[in-house]
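Asker: Spelled out, the chains give:
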Amino acid sequence: MLSIFGLTKLYTSAEGPVEVLKGIDLQLRSGESLALTGESGSGKSTLLHLAGGLDRPDAGTINLNGNEVTNLDDKQRAGYRRYQVGMIFQQFNLVPSLDVASNISFHARLAGRHDPLWQEQLVEALGLSSLLTRYPEQLSGGQQQRVAIGRTLAAKPSLVLADEPTGNLDEATGDKVLDLMLLLTRSAGLALLMVTHSTRLADRLDRKVILRGGKIVA
Amino acid sequence: MSGIAFRALISHWRRKPLQAATLILGVALATSLWTGVQAINAEARASYARAASVLEQNDLTQLIPREGAVIPIATYARLRRDGWPVSPVIEGEYRVETIRLQLIGIDPLTAPPGTGVSSVGSAKDLVDFISGKGQLTVSPTTARALQGKVDIALNVSDNLPDNAAFSDISVADRLLQRKGSVTRLVVSPGPEISAAALSAVAPELQIREAGEQPDVGRLTDSFHLNLTAFGFLSFIVGLFIVYAATGLSLEQRRATFRTVRAVGVSLRSLVAMLIFELTLFALASGVIGVVAGYFLATALMPGVASSLQGLYGATVPGFVTLRPEWWVSGLAIAMIGTAMASANNFVQIWRMPILVAAQAHAWARMSIFALRAQAMVGAALLCLAAILIEVGSGLIAGFAVLGCLLLGCALLLPAVLSLVLGLIARRSAGPLTKWFWADTRLQMPGLSMALMALLLALSANIGVGTMVSSFRTTFLGWLDQRLAAELYVTARDETEASRLRQWLPGHVKAVLPIWNVEGQVLGQSLQIFGVSDDATYRDEWPVLVGTDDVWEEVKAGRGALINEQLWRGKKLFVGQTLALPNGLNVVIAGVYSDYGNPAGQVIIGIKTLERYFPEVSKLRYGLRVDPMQQEAVRNLLVHNFGLPATSIVDQAALKRQSRAVFEQTFLVTGALNVLTLAVAGFAMFSSLLTLSTVRLPQLAPVWAMGLRRRDLAIAELARTLALWTATFVAAIPVGLALAWVLLAIINVEAFGWRLPMQIFPLDWLRLGAIALLAALVSMAIPVWRLATLSPAQLLTVFANER
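Chain order of the listed sequences is A and B. 120 is the number that the working numbering gives to position 120 of the first sequence; each next residue is one higher, with no gaps. 1016 is the number that the working numbering gives to position 798 of the second sequence; each next residue is one higher, with no gaps.
These are calculated hints, taken from the structure and not from any lab test. Bear in mind that the values here come from a model prediction, so they are computed numbers and not experimental data. Some hints here could point you the wrong way.
Claimed, not checked - Pair by pair, the computed Cβ-Cβ distance ranges are:
1) B:1011 to A:61: 22 to 32 Å
2) A:63 to B:1002: 28 to 38 Å
3) A:63 to B:932: 29 to 39 Å
4) A:206 to B:1011: 33 to 43 Å
5) A:179 to B:644: 26 to 36 Å
6) B:947 to A:132: 25 to 35 Å
7) B:594 to A:39: 47 to 57 Å
8) B:474 to A:213: 29 to 39 Å
Claimed, not checked - Reference listing, derived: stretches of chain B covered by chain A, where coverage requires no fewer than 3 residues with Cβ under 8 Å from a Cβ of chain A:
9) 647-657
10) 912-920
11) 923-937
12) 1007-1015
As the list claims (entries may be wrong) - A few chain B residues facing chain A, derived, Cβ under 10 Å:
13) 643
14) 660
15) 661
C-beta: ideal position from N, C-alpha, C; glycine also.
For reference, chain A alone in the conformation it holds in the complex (with noise of 0.2 Å):
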């Protein structure tokens, strides 16, 4: 489903150009997850940056479901973030203008995939029903990412990606938000990305590499 082949990506700093990522191969299969660990810098978040068509690669291949990713336009990008990937950050990153409704059918709504059904089932399973009209400032920590992975699993997308989703929650809030994300894509088949420090988390996950100065080291 997501194969990566050769990925390369170079950052300018003050030193000279620095390579962050070093031809990275990866292959991930629907329904499956993949834990991404290492140090800060190793580059877990730039390869998923780049999984997620929000930055492109100096050299190399990301291609999903067979659609090569790393030639689209800007244009191309946007549809393939629209439609074919969804993204949890360690920040949420709610639109703090909509309630938690809103918040959720959000992407699926500009997907064209939204479906009160399974919306509805999510909001459930994610807890939310009573905070529905609540608006994200008035929400904790643990429910706010509740409703960001509630906004990605309602778009059905092929891909989840997921930086440090439980980075901002206590350990207890943490494993019960994974538990929910585990079970919800699975259910639906979905690939999970999920970049983590945390070896505990990483081990609950089907398959996990370590990076290390840009490389797969395990």
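Guided by the hints, dock chain B onto chain A, whose structure is given.
Answerer: Same frame as chain A, but now just chain B:
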């Protein structure tokens, strides 16, 4: 205060030069418009005071007639014999071709020291002043205008205002044909004189105490109040800019504050440093503001001088002198303004826990509670305006209504817009439209200051524009009525006038004498005109109210017409008996509109005028001629009769002149309107620029979900345009309400006449187009920034360590 800590704080501005420029420009704009207007007012008031002191001897006690316009010479002689230290003054209008001179004749032998012209100091000066044909002492400008036109020697004095002349009393008596009567008596400084003592000697006189405000000062108060109101409006709009700039700069430096405090700087020291920093900004901006204010005042002063001349007949110089007190007051207002605009932000800094992360976007928010509280204050101000309309009176109450109305509407605007946007967002079906409206609503608090400033500027433009356009339309119609005669002729002297009276009836359809005298009526000096019995008046004269047989009553000598300002000012009514000078009693038969004239006016029959005021000057005539014959009659008057061409003015030229004076009169108002709008545009620009720096976290998630940066930029453009449009639509009713207050309250209080209000939607469209252009300019940089954001910048939003 630690120098290192202070350097760390101000290093912020090195990284944010545009923010620094916004802050400086905001304070400078607020200061410049305020000080510019204050400078104009100060210059004009100084000029009135100087004129009052020189021309009217305003610093001396004077004796004036209780009734009538003159004091018989016998009364003066009686007072002198009784030992009263009085000196006679003759005053009147003396025409030299088209020049109107305020001629003041004094008796240099009895006049108190310092009265009149300082140049009559030496014995030789005195001899020149009083001997032979005498001399006229005038300003340099007036001397240039009179050169070659008078056969009296001219003496130039820098102390005199233009279009005024001093002469010996005998010269004034001869030129003004007063035949021994004087206008007023000046009392030499000394023991106070009592009204009782005066009534024993001369009961027909009354005392005018020294230092009473000159008439022109009172008359022009409304004009200066108007300018001050505009200056204040711009000052407030400028403060909105300062508020936005300081608020953001403090919020963006929260992390720096945290660090500075963590290394041992107390909160008190931190706030002291920030106050010091802002004081430096205020001083630097104040200097720029004062200099800009001087140039602004210099640019506007000729227009102001024309306005004052056109509206009130007040002469002020068309230039501004840079005074030291300007610097002091300008810098003070810059400091006060900055303090006012930053106070709330400082209170927040003082109260908020310093060890919380910076939330620049939170700064741009306003709690629902604050929005409601603001709306409630706005509603209360509107209620106060309504109460003032019912119970208030006077010019100050009129301006209070204006202030309450404008401020009330401005404070209500954010809450109303927020409500409307919330409703639209709820009714929107599509995800993008729903997000668009909801996000627009979210921007409201951050933009509310700029939107309020915009509402003030737009409604002031619509209100003042409606007032001026209503005035223009009414004035032009009124001109057509008042200037019905095709030609206007002025004889150079009575001999020529007498010949004209003989010659004209055989050459024109009708001769309309324009004769008038000045006299005291109901305690004020006004003009009394005589009109002949002619169909022109019956058909054309702009009578507002009157009896059915108003012209018959005037012709018979029983009735009189009065102008609107006298009618309103003295609360007179049709049918009331009016006592005119020289024992003439008439019944008010009608009221006519008389725009642009500051003084009261009475019209009586021409025969009555001649009988009761035999000294009336009979030099001016309006001529009704067949338009086809107009040029022929003019030629006859010049070539056969021997009148100079400058003595004949045709109707079209007179109307052209009147229109030119009218347009010039409102040039200053127009300029201030444009400046206020420009400041509001800049306020919007600075707010959008500020918001663009805190918008990333709100926009990045939408981008991540599949919207292009171009789409975001278009949405941002549409959002700002929607808010501008909404504010513009809101400004129309507010502007019309403002126009109503100006026309129905302020004008009546200030000028004594009321104009019918007329609506000019095309003017709104023009203003809307200008506002749209300003909107596009104000959002150009912020939207361009958004459209050209690199993905890397957007990605910083998703970085885990921000």
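Asker: Look at each hint and say if it fits the structure.
Answerer: Taking the hints in turn, this is what the structure says about them:
| no. | hint | verdict |
| --- | --- | --- |
| 1 | B:1011 to A:61: 22 to 32 Å | holds, 25 Å |
| 2 | A:63 to B:1002: 28 to 38 Å | holds, 35 Å |
| 3 | A:63 to B:932: 29 to 39 Å | holds, 31 Å |
| 4 | A:206 to B:1011: 33 to 43 Å | holds, 34 Å |
| 5 | A:179 to B:644: 26 to 36 Å | holds, 35 Å |
| 6 | B:947 to A:132: 25 to 35 Å | holds, 33 Å |
| 7 | B:594 to A:39: 47 to 57 Å | holds, 56 Å |
| 8 | B:474 to A:213: 29 to 39 Å | holds, 34 Å |
| 9 | 647-657 | holds (count 7) |
| 10 | 912-920 | holds (count 5) |
| 11 | 923-937 | holds (count 7) |
| 12 | 1007-1015 | holds (count 5) |
| 13 | 643 | holds, 8 Å |
| 14 | 660 | holds, 4 Å |
| 15 | 661 | holds, 9 Å |
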